[in-house]
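K.L.:
Read off the chains here:
There are 2 protein chains.
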Amino acid sequence: MKLLEKIKNKEAVVGIIGLGYVGLPLGLEFALKGFKVLGFDVDESKIPLLKAGKTYIKHISSEKIKNAVDLGNFDATTDFSRLPEVDAIIICVPTPLNEHRDPDMTYIVNTAKTIKKYLRKGQLITLESTTYPGTTTEILQPLFENAEQNNGEKFIVGEDFYLAFSPEREDPNNPNFSTATIPKVVGGVTKNCIDVSVALYDFVIVKTVPVSSPAVAEATKLLENIYRSVNIALVNELKMVFNKMGIDVWEVIEAAKTKPFGFNAFYPGPGLGGHCIPIDPFYLTWKAREFEISTKFIELAGEINTFQPQYVVERTMYILNKYQKALNGSKLLLLGAAYKKDIDDMRESPSLKLIELYKENGAEVVYNDPYVPKLPKTRKYNYEKTSIELTKENLSEFDAVVLSTDHSDYDYKFIAENAKIIIDTRNAFEKAGIKQDNIFKA
Amino acid sequence: MKLLEKIKNKEAVVGIIGLGYVGLPLGLEFALKGFKVLGFDVDESKIPLLKAGKTYIKHISSEKIKNAVDLGNFDATTDFSRLPEVDAIIICVPTPLNEHRDPDMTYIVNTAKTIKKYLRKGQLITLESTTYPGTTTEILQPLFENAEQNNGEKFIVGEDFYLAFSPEREDPNNPNFSTATIPKVVGGVTKNCIDVSVALYDFVIVKTVPVSSPAVAEATKLLENIYRSVNIALVNELKMVFNKMGIDVWEVIEAAKTKPFGFNAFYPGPGLGGHCIPIDPFYLTWKAREFEISTKFIELAGEINTFQPQYVVERTMYILNKYQKALNGSKLLLLGAAYKKDIDDMRESPSLKLIELYKENGAEVVYNDPYVPKLPKTRKYNYEKTSIELTKENLSEFDAVVLSTDHSDYDYKFIAENAKIIIDTRNAFEKAGIKQDNIFKA
Chain A
97 MKLLEKIKNK
107 EAVVGIIGLG
117 YVGLPLGLEF
127 ALKGFKVLGF
137 DVDESKIPLL
147 KAGKTYIKHI
157 SSEKIKNAVD
167 LGNFDATTDF
177 SRLPEVDAII
187 ICVPTPLNEH
197 RDPDMTYIVN
207 TAKTIKKYLR
217 KGQLITLEST
227 TYPGTTTEIL
237 QPLFENAEQN
247 NGEKFIVGED
257 FYLAFSPERE
267 DPNNPNFSTA
277 TIPKVVGGVT
287 KNCIDVSVAL
297 YDFVIVKTVP
307 VSSPAVAEAT
317 KLLENIYRSV
327 NIALVNELKM
337 VFNKMGIDVW
347 EVIEAAKTKP
357 FGFNAFYPGP
367 GLGGHCIPID
377 PFYLTWKARE
387 FEISTKFIEL
397 AGEINTFQPQ
407 YVVERTMYIL
417 NKYQKALNGS
427 KLLLLGAAYK
437 KDIDDMRESP
447 SLKLIELYKE
457 NGAEVVYNDP
467 YVPKLPKTRK
477 YNYEKTSIEL
487 TKENLSEFDA
497 VVLSTDHSDY
507 DYKFIAENAK
517 IIIDTRNAFE
527 KAGIKQDNIF
537 KA
Chain B
97 MKLLEKIKNK
107 EAVVGIIGLG
117 YVGLPLGLEF
127 ALKGFKVLGF
137 DVDESKIPLL
147 KAGKTYIKHI
157 SSEKIKNAVD
167 LGNFDATTDF
177 SRLPEVDAII
187 ICVPTPLNEH
197 RDPDMTYIVN
207 TAKTIKKYLR
217 KGQLITLEST
227 TYPGTTTEIL
237 QPLFENAEQN
247 NGEKFIVGED
257 FYLAFSPERE
267 DPNNPNFSTA
277 TIPKVVGGVT
287 KNCIDVSVAL
297 YDFVIVKTVP
307 VSSPAVAEAT
317 KLLENIYRSV
327 NIALVNELKM
337 VFNKMGIDVW
347 EVIEAAKTKP
357 FGFNAFYPGP
367 GLGGHCIPID
377 PFYLTWKARE
387 FEISTKFIEL
397 AGEINTFQPQ
407 YVVERTMYIL
417 NKYQKALNGS
427 KLLLLGAAYK
437 KDIDDMRESP
447 SLKLIELYKE
457 NGAEVVYNDP
467 YVPKLPKTRK
477 YNYEKTSIEL
487 TKENLSEFDA
497 VVLSTDHSDY
507 DYKFIAENAK
517 IIIDTRNAFE
527 KAGIKQDNIF
537 KA
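Those protein sequences? They're chains A and B, same order as listed.
Each residue of the first sequence is one higher than the last, beginning at 97 in my numbering.
Each residue of the second sequence is one higher than the last, beginning at 97 in my numbering.
Chain A with its partners taken away, still in its complex shape (with noise of 0.2 Å):
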């Protein structure tokens, strides 16, 4: 194959699609690592940041992008008939769900039809979107196999051009492990198509791992993310059972965590957040629908998950009740609006549905967060709120701090010697050594 030969000397160019959280850094990975890469994304307003070598994350550093462009090999666009110039095209777009929690397949569909139109002999197209098992030779396969360039006649995968799944298993934050030390699932339709995903992602990522087909692949990913969906709302499960009995789940978790073997801490908290846990797994259950089985697991987890935010605004109502206030009129502040500690990344963010229900019952919300200084639109919502100050003033005069996000940056003794009550949803105060009468857990 003349692609096998490009790729393995270097001299074959990638193309990503999608400039987000995923595309963008498995981007530089490989221009840094000496391929020319040519990033595409409909945002307009990404590609003259990447070009002056600025970010738009924050844990992606504007250095990495000023190294990888000011070497030559880093390039974006928003002009996706450039696409017959690469050789791969990676494909990193999200996979949301609509109000119905059914897949929102709309990112991936309309980018195949724009590959489609300029597909050319010998590409390789690998996508990397979190999707149900059988996208990739339902979906993509047949819309390739009818390239436009091809007079009629059909694209033969494995042959004309390459097609694999291999997901992101993208952990923004993790001092462990990023882009290029995570070991990388792939799963190809055919033989040829395995070994040129394979060779690729070998430049880059630091172990591939090869599967016996796309819908493994798809599935292997699903399978990561519906275990940490269940795992989370299993202890939010037990947070509510023990709390009940008069029991800290978290002091549970951490003499739990002492076994040596056999159990892993997951922790509980005000909702799920971020792209994948409160995503990926319904996938799942609607493809298996079309087998007329269910996935029961993943819909107790999506419940008692989805539940939570709820459950922290009937604990504040609980606590303000025994100062004799009423949620209604309370003035409260939310400390934290990003999905996960010391992250910018607002997704799927639980803070912003909290906002919400407090609102609905009546109370006044501000928040705080570092990384967030004014809330982004998305979706669901927008509203009008920016970042306030943590003074001892703005402390003191509200009715309860609702800790949601335990960024790290926090000063939590500061917090506690100010505020009149505090609901805590992560033990951040614990954490922090603080016990104090009026720290609530939630």
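Treat the hints as calculated values from the structure; they're not laboratory data.
Note that CB positions come from ideal geometry on N, CA and C, so glycine has one too.
Where hints are given, some of them may not hold.
Distance ranges between label pairs, derived from CB positions [what the hints assert, rightly or not]:
id: 1; chain 1: A; residue 1: LYS531; chain 2: B; residue 2: LEU239; range: 31 to 41 Å
id: 2; chain 1: B; residue 1: TRP382; chain 2: A; residue 2: ASN424; range: 37 to 47 Å
id: 3; chain 1: B; residue 1: GLN245; chain 2: A; residue 2: GLU395; range: 53 to 63 Å
id: 4; chain 1: A; residue 1: GLU159; chain 2: B; residue 2: LYS303; range: 39 to 49 Å
id: 5; chain 1: A; residue 1: SER504; chain 2: B; residue 2: THR151; range: 44 to 54 Å
id: 6; chain 1: B; residue 1: TRP382; chain 2: A; residue 2: ALA361; range: 23 to 33 Å
id: 7; chain 1: B; residue 1: TRP382; chain 2: A; residue 2: THR474; range: 40 to 50 Å
id: 8; chain 1: A; residue 1: SER274; chain 2: B; residue 2: GLY168; range: 30 to 40 Å
id: 9; chain 1: B; residue 1: LYS287; chain 2: A; residue 2: ALA422; range: 38 to 48 Å
id: 10; chain 1: A; residue 1: GLU513; chain 2: B; residue 2: SER274; range: 42 to 52 Å
id: 11; chain 1: A; residue 1: SER274; chain 2: B; residue 2: ASN272; range: 27 to 37 Å
id: 12; chain 1: B; residue 1: LYS287; chain 2: A; residue 2: SER504; range: 27 to 37 Å
id: 13; chain 1: B; residue 1: GLU234; chain 2: A; residue 2: ALA422; range: 30 to 40 Å
Straight-line C-alpha distance at most 30 Å; calculated DSSO-like pairs for lysine-lysine [stated by the list, open to error]:
id: 14; chain 1: B; residue 1: LYS353; chain 2: A; residue 2: LYS392
id: 15; chain 1: A; residue 1: LYS488; chain 2: A; residue 2: LYS427
id: 16; chain 1: B; residue 1: LYS129; chain 2: A; residue 2: LYS353
id: 17; chain 1: A; residue 1: LYS531; chain 2: B; residue 2: LYS287
id: 18; chain 1: A; residue 1: LYS353; chain 2: B; residue 2: LYS154
id: 19; chain 1: A; residue 1: LYS527; chain 2: B; residue 2: LYS287
id: 20; chain 1: B; residue 1: LYS527; chain 2: A; residue 2: LYS303
id: 21; chain 1: B; residue 1: LYS353; chain 2: A; residue 2: LYS436
id: 22; chain 1: A; residue 1: LYS353; chain 2: B; residue 2: LYS287
id: 23; chain 1: B; residue 1: LYS476; chain 2: B; residue 2: LYS509
Assemble chain B onto chain A, guided by the hints.
P.N.:
Just chain B now, kept in the frame of chain A:
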């Protein structure tokens, strides 16, 4: 405290009630570390064996028992009136479920009543049996406070006697960890209670982990086993879902395992076994009802795990059906009777349930297990079956061979060469490098 001094000088005599999978290895640890140990058991048959330095549990060696006896440190009796001879009483009795899946507290309660009868001032009692949060303070404490030797005056906990809960974490045949090297959680009723129990366990256990109350210690053990039960059920559900989609769950799990963080592999099987995972979670379910809450994950895990033997039987029917055979009238050979590999432990083994279901549906079933020459009588089952030999003739005579327990000793190649059809619930044949058209996963 006098007891603390006695413990520190190794002059305390340790009494162990229940000389089974938990009590026997623990008692031996104390004896081998220089404590005088007196074991109590209601089963008369155990006593002469122990005195003669002979084992009745495969993974505990006779040599270890003999060493302890020869040191003059280990004795055993059925005479509970000797309880006043010991300074610490460690309760290691079973906590099964009754036929309505409610806690069967008979063993704990009867043991506690016996202790109450003989309790003398200055004794420590710790409970190791897995149970619901509250057992120690709601059942044991009031009983012991009314010890019969005090002429109607109450014994005061933490002064007249010491009481703690410290869950066992035995994992038979774990190559990396055994009794002494697994950290141990301890929750005392009072500070004195925690001090003496930690001092005692510190002599034999690598690390003790004190927690704030017996209830937290009780909940810790439940969390550990609920986590396992739920995660096994999750992969069992996914096995069924992926099977419909033509995806091999075992391959998916192997691929997911290459993620270096945030994933822990669990494996599907023919059903749960052992004394912990199928039972313990329901202790929390039962207790939660008192607080008018439900434990949905535990219920769902129970439902799915309990269904697995039936699933294997259904798969057997479908597989035989491919060969135009009915289950009714078929001759089946079940490989493996113990609940997990390389041990002889039959407690709650799904193999017993499989035999029942196969027989119910008209199949003729025999079994082989190198460690279980004869099926024991259990509360539920009483089969008159002995393990048959695995010869070429034997193997080829059966319509299907069903692998239930993947003992390492099995010669998988030999079995695969001689069996007509193989139904593998553990993926053992593929793991042994054997792929054949007549091997099916279930």
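K.L.:
Does each hint hold? Answer for all of them.
P.N.:
Here is what the structure says about each hint:
1. LYS531(A) to LEU239(B): 31 to 41 Å: holds, 33 Å
2. TRP382(B) to ASN424(A): 37 to 47 Å: holds, 38 Å
3. GLN245(B) to GLU395(A): 53 to 63 Å: holds, 56 Å
4. GLU159(A) to LYS303(B): 39 to 49 Å: Holds, at about 44 Å.
5. SER504(A) to THR151(B): 44 to 54 Å: This hint holds: roughly 52 Å between Cβ atoms.
6. TRP382(B) to ALA361(A): 23 to 33 Å: Check passed, 25 Å falls within 23 to 33 Å.
7. TRP382(B) to THR474(A): 40 to 50 Å: With a Cβ separation near 43 Å, TRP382(B) and THR474(A) satisfy 40 to 50 Å, so the hint holds.
8. SER274(A) to GLY168(B): 30 to 40 Å: For SER274(A) and GLY168(B) the Cβ distance comes to about 60 Å; the hint is violated.
9. LYS287(B) to ALA422(A): 38 to 48 Å: Hint holds: Cβ distance 40 Å, inside 38 to 48 Å.
10. GLU513(A) to SER274(B): 42 to 52 Å: holds, 48 Å
11. SER274(A) to ASN272(B): 27 to 37 Å: Because 30 Å falls inside the window, the suggested range holds.
12. LYS287(B) to SER504(A): 27 to 37 Å: holds, 34 Å
13. GLU234(B) to ALA422(A): 30 to 40 Å: Once the Cβ atoms are compared, 36 Å apart, the range 30 to 40 Å for ALA422(A) and GLU234(B) holds.
14. LYS353(B) to LYS392(A): holds, 23 Å
15. LYS488(A) to LYS427(A): holds, 16 Å
16. LYS129(B) to LYS353(A): holds, 27 Å
17. LYS531(A) to LYS287(B): With Cα atoms ~20 Å apart, LYS531(A) and LYS287(B) stay inside 30 Å; holds.
18. LYS353(A) to LYS154(B): holds, 29 Å
19. LYS527(A) to LYS287(B): holds, 23 Å
20. LYS527(B) to LYS303(A): holds, 22 Å
21. LYS353(B) to LYS436(A): holds, 24 Å
22. LYS353(A) to LYS287(B): holds, 23 Å
23. LYS476(B) to LYS509(B): violated, 35 Å
In summary, the structure is inconsistent with hints 8 and 23 from the numbered list given earlier, while agreeing with the others.
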